[in-house]
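Protein chains: 2
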Amino acid sequence: MTTDYQLVIIGGGPAGLTAGLYAARAKLRVLLLEKGIHGGQITVTDWIDNYPGFPDGLSGFDLADKMAAQAARFDLETKNANVVSLDLAGPVKKINLEDGLQLTSQTVVIATGARPTQLGIPGETELIGKGVSYCATCDAPFYRNLEISVIGGGNTAVQEAIHLTKFASKVTVIHRRDQLRATKVIQEKAFANDRIEFIWDTVVTEILGDKEVEAIALQNKNGKKSTLAVQGVFVLIGVRPNNEVLPLDQLEHKNGFIVTDKEMRTSAPGVMAAGDICWKEVRQVVNAAGEGAVATLAAERYLEEPSRKE
Amino acid sequence: MTTDYQLVIIGGGPAGLTAGLYAARAKLRVLLLEKGIHGGQITVTDWIDNYPGFPDGLSGFDLADKMAAQAARFDLETKNANVVSLDLAGPVKKINLEDGLQLTSQTVVIATGARPTQLGIPGETELIGKGVSYCATCDAPFYRNLEISVIGGGNTAVQEAIHLTKFASKVTVIHRRDQLRATKVIQEKAFANDRIEFIWDTVVTEILGDKEVEAIALQNKNGKKSTLAVQGVFVLIGVRPNNEVLPLDQLEHKNGFIVTDKEMRTSAPGVMAAGDICWKEVRQVVNAAGEGAVATLAAERYLEEPSRKE
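Top line first, the protein sequences correspond to chains U and Y.
Each number in the working numbering comes from the position in the first sequence (counting from 1) with 7 added on.
Each number in the working numbering comes from the position in the second sequence (counting from 1) with 7 added on.
Calculated directly from the structure, the hints in this document are not laboratory data.
Heads up, some of the hints might be wrong.
Same chains, same names: a pair is fine if it fits in one copy or spans any two.
Claimed, not checked - Straight-line C-alpha distance at most 25 Å; calculated BS3-like pairs for lysine-lysine:
hint, residue 1, residue 2
1, Lys287, Lys261
2, Lys287, Lys269
3, Lys34, Lys191
4, Lys34, Lys196
5, Lys218, Lys177
6, Lys101, Lys86
7, Lys287, Lys34
8, Lys34, Lys137
9, Lys173, Lys34
10, Lys34, Lys177
So that you can see chain U by itself, here it is in the shape it has in the complex (with noise of 0.2 Å):
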């Protein structure tokens, strides 16, 4: 079998750098396509303090940079591109750029990632590292005994609100209904939680503050307008996979996640998935890293599996 390559990975976000990183390592005939710049969603996180090895943290750009130098070292091929859409059925992967190029390869790892759902009102991306947060576990020692809000009433929102008061001083919960989504028990954890405020049937209507976040503007369904002073927002209203170019119709998901194996092998023979894109509970820098190195290492094995030739 003849293709352009024997490994593309859509995303240059950490586990797609890390699955290059491995590839080119590894002296595979291999591609990353990237459409913005290097980093995913770490190039916007202001500083990360939990990926292991950098005692002092590091702005999350600067650990993209990192990452990328590391793979261009040895060599890893990368492209700016959009790709539109994918064909992963058969032996043959083809990839469908926005340019009319078509590439074909052995196998794809895709490491697409995902993204915070936003509130979508103005401050919000303006103050992103600057107190907006969409990560309690990244971000909540930054905000020892500091007053902030968190937006959402699920459980993740509930149950980050009350791991969130073992730094902040206060937290007010603020949610657009009347009661919470999250389960009971949980509930009546916050509600304990002297900690804790909620403010009912209310949005937020703007982040409010010059370099950093110092209030947010809020309605009430009867149309009350006020404000609240905070020092921070955590925005914690659910997580979207960016899966728009993936043929779902190939490929196993939940929810618009795609299930892997602990291999991070997914339904369709010769894809892995790595990263944020992957249906799983812990969606942190160093496990995106680890899966894109498991996914490369899955890819090896697939391409050297007896039945196949090239």
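Place chain Y on chain U using the hints.
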């Protein structure tokens, strides 16, 4: 339930240190037990080029140091101690130390690691990282245009011998029997590769070299001795789980490696495993670290389960 700890982590390699980093940042009552120095296997790894984030690579010792310093920054409590036995059945996990102390914990992360099977011959340990390697995925690119040998005859040994020919100018496979254990198709690939030579019915009796590997001393089944000049020796005769203190009757395992689900939960409720001790295909620093993070977050979810009370 009152226990000494919410989480005890056993082992201070990349998996354990990352589990500890996540647990300390989450403000769990956590203790990391390590019998030697921090870092596990990586402290004897001369140079690591494939841990993402370090474009020029770094020494294993240095990486271990950085990981430990990062966990310490978040006040991870650690203790140098030999665990002699564990009781992981029931809601209170018991950890018995050599000095007679018994610790109790609600959850445990097992991160005791694994070790490559060594030849156990003179020169081997002394020259680790100086030409002696147990991991082709990690170290192959360091042997560009050099002559090396691979010790072993199983699938891993023969596959890695083929892989190593992408870098080394010549690879001599030394096997103690007169035929390989590797599957037929892999054997055929190796036999067809003109950079690979085989020496049969022969064992390595010593690894020679002052500061770096220079040669290996061989002895065939008839007692005939010889020397082969090589600049690298890949010892690929298996990997052994560090499971001596684990209660294997309480944990599902395969060949002594602990079986987990994708969230790193073992068959024992409240017990997670991470890193090389796990039953899996890929044993690299970055996926060990990723699993450590996932294991701690699984422990947190377990601690929050409705049916549990502290």
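query = So which of the earlier hints does this model not fit?
reply = none
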